[in-house]
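Colleague: One letter stands for each residue in the lines below.
2 protein chains.
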Amino acid sequence: MSSTADTPRYPLSTRAAALRSSDVRELLKAAQQAHVISLAGGLPAAELFDTEGLRAATQAALAEGAGVAALQYGLTEGQPALRAALRTHEAGRGIDMAGRELLVTTGSQQALDIVARLLLDEGDVVVVQRPSYLAALQTFTLAGARCVGLDEDAEGARVEDLETLALPARPKLVYLVSPFANPSGASLSLRRRQWLLAWAARHQVLVLEDDPYGVLRTEGQELPSLTALAQEVPGARAWCGRTSTLSKAVAPGLRLGWLVLPRPLAEAAARVKQAMDLHTSSFAQEVAARYLESGRLPAHLARVREAYRERRRALCRALTDAFGAALEFDEPEGGMFVWARFTDGTDTRALLPRALDAGMAFVPGDAFYAEGAPRDRLRLSFTTESPERLREGVARLHAAWRAARGG
Amino acid sequence: MSSTADTPRYPLSTRAAALRSSDVRELLKAAQQAHVISLAGGLPAAELFDTEGLRAATQAALAEGAGVAALQYGLTEGQPALRAALRTHEAGRGIDMAGRELLVTTGSQQALDIVARLLLDEGDVVVVQRPSYLAALQTFTLAGARCVGLDEDAEGARVEDLETLALPARPKLVYLVSPFANPSGASLSLRRRQWLLAWAARHQVLVLEDDPYGVLRTEGQELPSLTALAQEVPGARAWCGRTSTLSKAVAPGLRLGWLVLPRPLAEAAARVKQAMDLHTSSFAQEVAARYLESGRLPAHLARVREAYRERRRALCRALTDAFGAALEFDEPEGGMFVWARFTDGTDTRALLPRALDAGMAFVPGDAFYAEGAPRDRLRLSFTTESPERLREGVARLHAAWRAARGG
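Which chain is which? The protein sequence lines are A and B, in order.
For the first sequence, this note's numbering assigns the number 1 to the initial residue and increments by one for each residue that follows.
For the second sequence, this note's numbering assigns the number 1 to the initial residue and increments by one for each residue that follows.
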């Protein structure tokens, strides 16, 4: 056995060296202990998975023609059956494919990576929401880009700031999670959607909408996606792309997402993806295609939404009852998270170890900012715990908070 | 509907714009017609897939705990069950994990992409074999690297040329497919393996061995992998990495490969992979873990090897009988390809359309060279056709060749 004492120094690429290891991740390892009620995750509820439907879909995928389509190499763009099923799924949300192509990706995370590598050169500017989905920032960092954040308000990201913000350069990409941004839960208003699309068409900048949570809306009016709206805004169709995922609707373990791009970009994107992994698992794709074809998804989603609504309401009511005016938040109309702010100046990063000691976990809000982070925010997930456990989790958070104020 | 006539010009990244679209791919679309006997592919034989074993593995993966491990998000490094099974698999090839980590990847193609992004800055030099596995060149191009080729002889890549080759800069990575390089079938000799590892340790350059075909050896002495040998060459363990895949041993559709790296590099590699796709399909991973645990792989591999040997022999005999001294090749001891050279100056790129007209397909050898390609080579796959069809394919190739000589 060689000694690891004299470990050599490896010459990492500049971009790989720029990837920060998340200290929150380290902190939250404690959240995995059985006695901890974790509201820190971003997972869907495992007990709601349609395992029976997926088992049937798997049998179907491996039965047909001895399962050759599921087991052999496939096309970089994705399995024809799944692409067809996803086009139908998207059509149900008002999205047509004229002048566009749909590519299957290894989760929507890979869709971000593909778009980043397709468009971004060293030092290029990407405009994102602030606070941000951290894994997207990591992806843009790995592509050598600089991220600039748009602040959010009740109408979502303040996209009009694109006109006045002192950007280091003209952006190559605007990336927005909507509806129900992670972590803030904010959704871009219709007015802002239209404004952004007109801006993108005028400046010829690609807008990429990331829509993992739209299927989890339980209240309020569904807004047309940017991609559907782009069909009506002159010139915008060519400058709007979209990614979504089966992770929240079906199961994350399939690791299936998709990317809709204007056709010339989609063709270049397929060349990029081919160099990345040749193609996404045809096995997972054929199973997902059989599942979508089975027609079970709408009823499954209705069950998931109902459970998430009940849990979200339980969480929000418990927070209000426990903290009153000390904690401010808007109850979201869907998604997976509540984003809250302590009005008494509580430092949530300092609160976390106390909360873990009390047997609950959350994500401190500063984790979602590249810089200039406020210290008084926290993100709470309501998807994986029962209403009772959510109430108990809030009680433990409250105990930790009271102890911190007393200490 | 918007018109596609006024398609805008998109500002692709320099690296994405450098990815060539393969004209051979276009040519070979004709090879997919049913009447064409295609020796152009790189696919394993679908009729040999252990569909029954995979069906059982899938049932097991979805039965346990309602399939939560298979359906929920997983760890970036891979599912613990599959990592354990793959470590055992690698131990069977003499590879120990002291000071190393094994990461699951979305095929070995992604393993190449991870290593490329981990190590390579714009303009860095990667040393490869010549002729080369093209998808690897695409990956290194997408990472901004320059590829320099080592010629091959009967002992595989001429690694000693690393001392004398006029390299534009000190290489960051040496990448070799062995045994049974694609397309040449060449395997690096033991002597050269030892020399290369000593060189890597002395110059502190990572050697990445890509070993998809080692499990398909049907004749000759199995050589220790570079990674196993590195355990004995002073200082080499820290400068040797390895990737392999289940695509040839089990099924490509699972899209599962793995990467073995010295631990500090593996930890940085996991951060890179996290930004790329969070993790590889846990569904596919749990199925593969159950399959490897079932103990069916050795018998399955024995069946595959026996079939491939019979097919390879049929192809080689037919080539010799038909072409005699006009076609030169070494029958490989395994793998999936025969790499041959016309001794009469036949231009294989020009021959391809005639062969397609005659109802067979191959890959012209110049497709495997970035530059300075010889025109007289061709690659023939023997895995997916029966001995009878292989003989008929050679007869058609011979007819096309005779017609070309007459024309």
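Hints should not be assumed to be uniformly reliable.
In this list, chains with the same sequence are indistinguishable; a pair is considered to hold if it fits within one copy or across any two.
In the SDA-like style, the derived pairs of lysine to any residue whose C-alpha atoms are separated by at most 20 Å in a straight line are [stated by the list, open to error]:
| hint | residue 1 | residue 2 |
| --- | --- | --- |
| 1 | 29 | 359 |
| 2 | 29 | 123 |
| 3 | 29 | 191 |
| 4 | 29 | 80 |
| 5 | 29 | 323 |
| 6 | 29 | 48 |
| 7 | 29 | 75 |
| 8 | 29 | 72 |
By construction, these hints were calculated from the structure, which means they are not laboratory data.
Colleague: For each hint, tell me whether it holds in the structure or not.
Modeller: Hint check:
no.	hint	in the structure
1	29 to 359	within (13 Å within a copy, 60 Å between copies)
2	29 to 123	neither (34 Å within a copy, 39 Å between copies)
3	29 to 191	neither (41 Å within a copy, 47 Å between copies)
4	29 to 80	between (40 Å within a copy, 16 Å between copies)
5	29 to 323	neither (27 Å within a copy, 65 Å between copies)
6	29 to 48	neither (24 Å within a copy, 44 Å between copies)
7	29 to 75	between (38 Å within a copy, 12 Å between copies)
8	29 to 72	between (38 Å within a copy, 18 Å between copies)
Hint check: violations occur at hints 2, 3, 5, 6; the rest are consistent with the structure.
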